[in-house]
Amino acid sequence: MTDAPFIEIEELYFSRGDHEIFRGVNMTIPRGKVTAIMGPSGTGKTTLLKLIGGQLTPESGRILIDGQDVHKLSRKALFTLRKRMGMLFQSGALFSDLDVFENVAFPLRVHTDLPNTMVRDLVLLKLQSVGLRGARHLTPAELSGGMARRVALARAVALDPELILYDEPFVGQDPISMGVLVQLIKRLNQALQLTSVVVSHDIKETLSIADYLYLIADGQVVAHGTPQTLDTNQDPRVSQFIHGEPDGPVPFHYPAEAFYRDILGDSPKAQIG
Amino acid sequence: MQSKFSNSTARITRLGRRGCDLMEALGRAGVFLFQSAVGVPSREGWRLWLHQMHFVGVLSLAIVLVSGLFIGMVLALQGYTILVDFGAEQALGQMVALSLLRELAPVVAALLFAGRAGSALTAEIGLMKATEQLTSMEMIGVDPLRRVVAPRLWAGFVSLPILTVGFSVVGIWGGYLVGVEWLGVFEGSYWSNMQASVTFVDDIGNGMIKSAVFALVVTWIAVFQGYDLVPTSEGISRATTRTVVYSSLAVLGLDFVLTAIMFGGL
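Chains as they are written, first to last, in my numbering: chain A, 1 to 273; chain B, 1 to 266.
Okay, the calculated beta carbon distance ranges per label pair: (1) A:128 / B:238: 42 to 50 Å; (2) B:245 / A:190: 52 to 60 Å; (3) B:257 / A:145: 45 to 53 Å; (4) B:39 / A:263: 58 to 66 Å; (5) B:237 / A:263: 29 to 37 Å; (6) B:257 / A:41: 46 to 54 Å; (7) B:28 / A:111: 23 to 31 Å; (8) B:237 / A:256: 27 to 35 Å.
The set of hints was computed from the structure by calculation and includes no laboratory data.
Backbone N, C-alpha and C define an ideal beta-carbon position, used for all residues, glycine too.
Sequences are here, hints too, so could you generate the full structure?
Below you can see the structure in the form of structure tokens.
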């Protein structure tokens, strides 16, 4: 295994309409490590995963995965590259016309010529690892949100990919499932030498498994480092986020005109205020 | 004066933007059609196509055949009341067959197909998009255009002409029931006049060409609207409506153009 980073993001700019989401983001995701991308809601963490996966195209800048510029690949080459990735979606995104077993078997059936008996064994192994072997005959409509995410995780690792992108993996999990998931992500990473990118704002869980962290806010990387260095970082934006403080430089409110003006309109009282 | 000028400029700008949006959407739809339809299907692709043939074709049979029966019956009834005044009720079979084969079967079957199968295709693909199933398929390394869109596109293209044949056959039989069995037109003249006047290339062939064109257009509109929609509940509702409206207008407009080319001597 080389020491070269698995993902390199260089001078990334991306907007939706007039809203600038990224303004010159630079990141290096090391190979074989768990890298967390954190930041307040609405900062574009999921968008960043979609840019890495080639589902969105940046305005400028480039994203290299194992040396390949994702946005310069042909459609066919991009799909070939994606066979080396797994992605856990926030919603699970299970195929509603397939049951749990077939959802997990899907990548194996389309990308390998394994016999049915081997597919069955592999699917049961993956389902066992997320604790849902007994739910193999259920349909996605019969699963809770947390269960759907665990099935989606089993599907994401079905082909033992080199890179897994986790989009908010801990949201909506009960404490037991959360603990299992945290352990699972860590174990998968260590056992298979995967490169994992975890997008989350669950600080405690993420800090416990991440080898390296990027904190993004206001379209830029505001800090990066190991969990220990970020925990003691003196930057008020970093400190506010890591320690969950309500007051600080990162605003809780979406930009708006003054509250009193919104409530009172242009009445004389408002103008005095 | 200044404000009048700026209003006109704004109007022209809006019109220009709409024109550009329309051209862009047409371009996207063209690329979409090419990427989905061109390519050799795998064994799995054939299986998915067969499954879709059942969904869009077999499940549309009932509505198409029942409609064909009633339209044939109405044609015979209306035709008889006109023809009998001229003592020409023997030509009833010819009138029913030509009306169905040249016009009514391709057009009405396509309109019914747009309402029954087209809207369902749009809603299904749209919901897959809204629930990120298409995105997750992409991330697994499977192209949704090949796996989801292509089988539906080809199933629609193949099944509508077959449904049109069914519509015509049942319609002619419906005309027979009303004209011969009920109103007493001589059975021999009903069939022999039909046999003498209907030609395979001009009538059946042109009708099938129309049906194939409608099949491509209706299915293309349906799958593109599903794939290109805004992934919200309102977006799905609007796209489904657009599928039925655009398909119906396209079928009726193209029918005139094709009829003018085939039978109008253009």
